[in-house]
Amino acid sequence: MNAIISFGFTLLDSESRFKTITQSTQDAIILADQHMRIISWNKGAKTIFGYTKEEAIGQDVNFIVPDHFKEAHNRGVKRFLQGEESKVIGNTLELKGVNRNGTEFPIELTLNKWKTGGVYFFSSIIRDITSRKNAQASLLESEERYRKLIELSPDSICVYQGGKLIFANDEAATQIGVQTKDLIGTDSFQFLAPEHHERIKELIRKLNNEKDSFSNEEIAILRVDGKKHYYDVSASLVHFNSKPAIMTTFRDISERKAAKQQLQEANQLLKKLSNLDGLTSIPNRRFFDEKLDNLWKESIESHQPLSLIFCDIDFFKEYNDTYGHLEGDECLKIVAKTLLEAINDTDYNVARYGGEEFVLLLCNSNTQKAKEVALDVMNKIHSMQIPHSSSKIKDIVTLSMGIATMRPKKNISQSELIDRADKALYIAKTGGRDRYSTFNSNANR
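In the working numbering, the protein residues as written are 1039 to 1483.
Incorrect hints may appear among the rest.
Unchecked claim - Computed Cβ-Cβ distance ranges for the label pairs, DEER-style:
# : residue 1 : residue 2 : range
1 : Ala-1175  : Trp-1152  : 42 to 50 angstroms
2 : Glu-1093  : Ser-1253  : 35 to 43 angstroms
3 : Pro-1232  : Gln-1306  : 53 to 61 angstroms
4 : Glu-1092  : Trp-1152  : 52 to 60 angstroms
5 : Val-1216  : Lys-1084  : 31 to 39 angstroms
6 : Glu-1092  : Asn-1150  : 21 to 29 angstroms
As the list claims (entries may be wrong) - Pairs of lysine to aspartate or glutamate residues, derived as EDC-like cross-links and limited to a Cα-Cα distance of at most 16 angstroms, are as follows:
#  : residue 1 : residue 2
7  : Lys-1298  : Asp-1270
8  : Lys-1153  : Asp-1071
9  : Lys-1186  : Asp-1220
10 : Lys-1295  : Asp-1315
11 : Lys-1091  : Asp-1065
For the record, the hints were derived by calculation from the structure and aren't laboratory data.
In this text, a Cβ means the ideal position worked out from N, Cα and C, and glycines have one as well.
Given the sequences, and given the hints that come with them, work out the whole structure.
Listed below in structure tokens is the structure:
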């Protein structure tokens, strides 16, 4: 730290012109090192904050920051030192400072940085704007100023006192669908959609007790024609006729909200399509993987069994060779539709796993229940009587199925369930096809 402070003083000593300027201006000019410790403190800083140079040098700059802003200040410094760009650097902001007496007052801050020898330094020019703010406050108390601001604004602006609307511009009346004179005296909530009443009451309470403004609140207003329009609303405490009032600004965001809704719907549709098999229109492998992952986690918590059935169309390559790929596609569609119809329970899921292979995922289902589902599927496929002259076991399309059931545990991966079902499918195929087999069981059908 001593090396950095020494560097700062050496720099200042070599810049006599800079020193002359900093000591003659009424503004506070404060320099700080990369740790935000003060290395230079001019007369303006002493006048504004009440601390001498000797008292200020070496202090963290947040000692002139009000307590309720220190956390945000420290977060901003940390983000900058971690390499994030700061919106504060190079801009002039209106903030709050605190002087030696603990009095909080408005300031105008311009903050800049420079880098020397790989080390960051900061310079801040601070101006006490208490007089300006007082003048602005007095000016804003003028009813005529409010009237001009309201009338000239392209936004809808209303002023409320005691829960009643006492002033509004023409744009506000146009948005609601009435004459301006018909708005005067109406209740604050008269045109507000009922679902927003409690939220606005809470915001008004905060306006009166905790803060002097709020912004970017989305509300809905009911026009006199019954249509609902959405608005971005800001409000602040003001004085109107020397009495406290609330001035609100409304900006119609109905089109933006509608566009956002359309985008959300489009994204939902895109997500749905991304989870569907393009040929059969049933869920695809991606859906299955996500569903299995979710159900596995749920079953760990519920301690319920989870069953998986692999379904494979027997001799499908021969089917394609005999009937062609177009007929093969039709066969896949029929099988997919039959599987969907066979499992109408909300706890059951079907997906195309790939090629001629399908999967049935049954939650809260033990091995016996899975066997019943497999048998039902087999019978329904038989009943479809899809011709298959190239089959080596029957002259119709048949399925081989492998069943696996597990009670998921945290230390076991769902891939174990897939592996077991795949092994059971292999047993069904090598056992003659057109049947189901369960993992670790020789009772094939």
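Verification of the hints:
{"no.": "1", "hint": "Ala-1175 <-> Trp-1152: 42 to 50 angstroms", "result": "violated (37 angstroms)"}
{"no.": "2", "hint": "Glu-1093 <-> Ser-1253: 35 to 43 angstroms", "result": "holds (39 angstroms)"}
{"no.": "3", "hint": "Pro-1232 <-> Gln-1306: 53 to 61 angstroms", "result": "violated (28 angstroms)"}
{"no.": "4", "hint": "Glu-1092 <-> Trp-1152: 52 to 60 angstroms", "result": "violated (25 angstroms)"}
{"no.": "5", "hint": "Val-1216 <-> Lys-1084: 31 to 39 angstroms", "result": "violated (59 angstroms)"}
{"no.": "6", "hint": "Glu-1092 <-> Asn-1150: 21 to 29 angstroms", "result": "holds (25 angstroms)"}
{"no.": "7", "hint": "Lys-1298 <-> Asp-1270", "result": "holds (14 angstroms)"}
{"no.": "8", "hint": "Lys-1153 <-> Asp-1071", "result": "holds (10 angstroms)"}
{"no.": "9", "hint": "Lys-1186 <-> Asp-1220", "result": "violated (20 angstroms)"}
{"no.": "10", "hint": "Lys-1295 <-> Asp-1315", "result": "violated (32 angstroms)"}
{"no.": "11", "hint": "Lys-1091 <-> Asp-1065", "result": "holds (15 angstroms)"}
This entry does not satisfy hints 1, 3, 4, 5, 9, 10, going by the numbered hints stated previously.
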